[in-house]
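Trainee: According to the numbering used here, the residues represented by the sequence shown are 254 to 520, in order.
Please keep in mind that the hints were generated in silico from the structure rather than gathered at the bench.
Idealized CB from N, CA, C, for every residue including glycine.
Mixed in with the good hints there might be a few duds.
Pair by pair, the computed Cβ-Cβ distance ranges are [stated by the list, open to error]:
no., residue 1, residue 2, range
1, A339, R448, 52 to 58 Å
2, S474, V332, 43 to 49 Å
3, C454, W489, 20 to 26 Å
4, G397, M325, 19 to 25 Å
5, S314, L476, 35 to 41 Å
6, P403, S474, 22 to 28 Å
7, V480, A406, 24 to 30 Å
8, Q327, P403, 35 to 41 Å
9, K404, W489, 36 to 42 Å
10, G321, L278, 30 to 36 Å
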Amino acid sequence: MRPVSTRLHNVAVLGVLALVPLLLLPDAFFYFDVTPKVLMLLVGTAAALLVWSAETAAGDSRERRWLGILLMAQSVSLVTSTLFSADRALSLTGTNWRRFGLAAQLVLLLYTWLLARQSVQHVLRVIAVSGGAAAVYGIAQYFGWDPWLPKQAYHVGEGVWTIVRPPGTLGHADYFGVYLLSVAFAGAALARAERQRFWKCTGAGAAGLAAAAAVLSGTRSALVGLVAGAAALALWLRPRFNRRGAALAAALAMAAVAFYFSPAGLL
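Given these sequences and hints, build the entire structure.
Mentor: Right, dumping it as structure tokens:
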């Protein structure tokens with residue numbers, strides 16, 4: 254059985270992975286889509302380090318050591334860039350909105366190193382659950398349900414010409430759509446690799462929801478990513494087509510066409 258400190262460390266690291274994409278606090282911060290995410294990254298990483306132990310640090314692989322070297326090299330590059338920056342204060346803290354200066358970037362690199370020590374299975378599960386929840390919220394935004402953000406903020410145009418670009422929990426439809434790509438393919442990987450039926454279904458559901466939300470976000474780069482990723486998977490896995498698969502593909506295609514020409518598809 255793992256020591257308590259190791260379990261607490263894993264909870265802190267995976268908690269950051271789960272909560273950062275979801276945190277959205279419009280009533281607490283002016284930059285409600287970024288500030289809580291940065292705070293969660295900083296606090297969560299600090300918490301993970303506080304419960305760090307010798308047992309947690311044991312068992313580094315060669316790949317992790319190389320990752321650590323590369324992350325350290327990038328840290329040195331970032332520090333050097335800040336020291337020679339024309340505006341060191343801006344380089345150190347970042348802008349008022351994004352807050353992605355040297356301090357946040359170094360913590361992100363440290364967190365990346367901590368996350369690389371986690372089980373791939375656990376990481377995929379967390380991404381599927383967290384990303385699936387974010388996808389559901391984005392889909393709900395598209396169909397007019399949003400208890401947190403004003404709908405006018407992501408509705409463009411008037412009347413029948415109104416275009417809906419749901420930002421989800423990322424503050425902008427483009428950011429949201431690109432984020433959903435990682436959720437879609439992480440969910441697909443979970444569905445393929447898992448042995449437990451519950452997690453297989455969770456992965457497949459997250460992949461489907463993320464793909465649907467990415468399409469509804471109207472983000473063209475996300476659509477290109479979905480098509481390119483699906484093509485790469487098809488070439489790699491070489492799936493066999495049968496009657497059931499063909500019927501499912503035909504049903505999905507017809508559903509997509511019906512949605513496109515429906516009133517909801519005009520948004």
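Trainee: Each hint needs a verdict: does it hold in this structure or not?
Mentor: Here is how each hint holds up against the structure:
1. Between A339 and R448 the beta carbons are some 55 Å apart, a value that agrees with the proposed interval 52 to 58 Å.
2. The supplied range of 43 to 49 Å is broken by S474 and V332, whose beta-carbon atoms lie about 31 Å from each other.
3. Range check, C454 to W489: Cβ separation about 23 Å, and the 20 to 26 Å hint holds.
4. Against the hinted window of 19 to 25 Å, the Cβ-Cβ separation of G397 and M325 comes to about 48 Å, which falls outside the hint.
5. In this structure the hint that S314 and L476 lie 35 to 41 Å apart at CB holds, the actual value being about 36 Å.
6. Checking the proposed 22 to 28 Å range against P403 and S474 shows it holds: the Cβ atoms sit about 26 Å from each other.
7. For the pair V480 and A406, the supplied restraint of 24 to 30 Å holds, since their beta-carbon distance comes to about 29 Å.
8. Between Q327 and P403, the C-beta spacing of about 39 Å keeps the proposed range 35 to 41 Å intact.
9. Under the hint 36 to 42 Å, the C-beta atoms of K404 and W489, about 41 Å apart, fit the expected range.
10. Under the hint 30 to 36 Å, the C-beta atoms of G321 and L278, about 33 Å apart, fit the expected range.
Against the hints set out earlier in the document, violations occur for numbers 2, 4.
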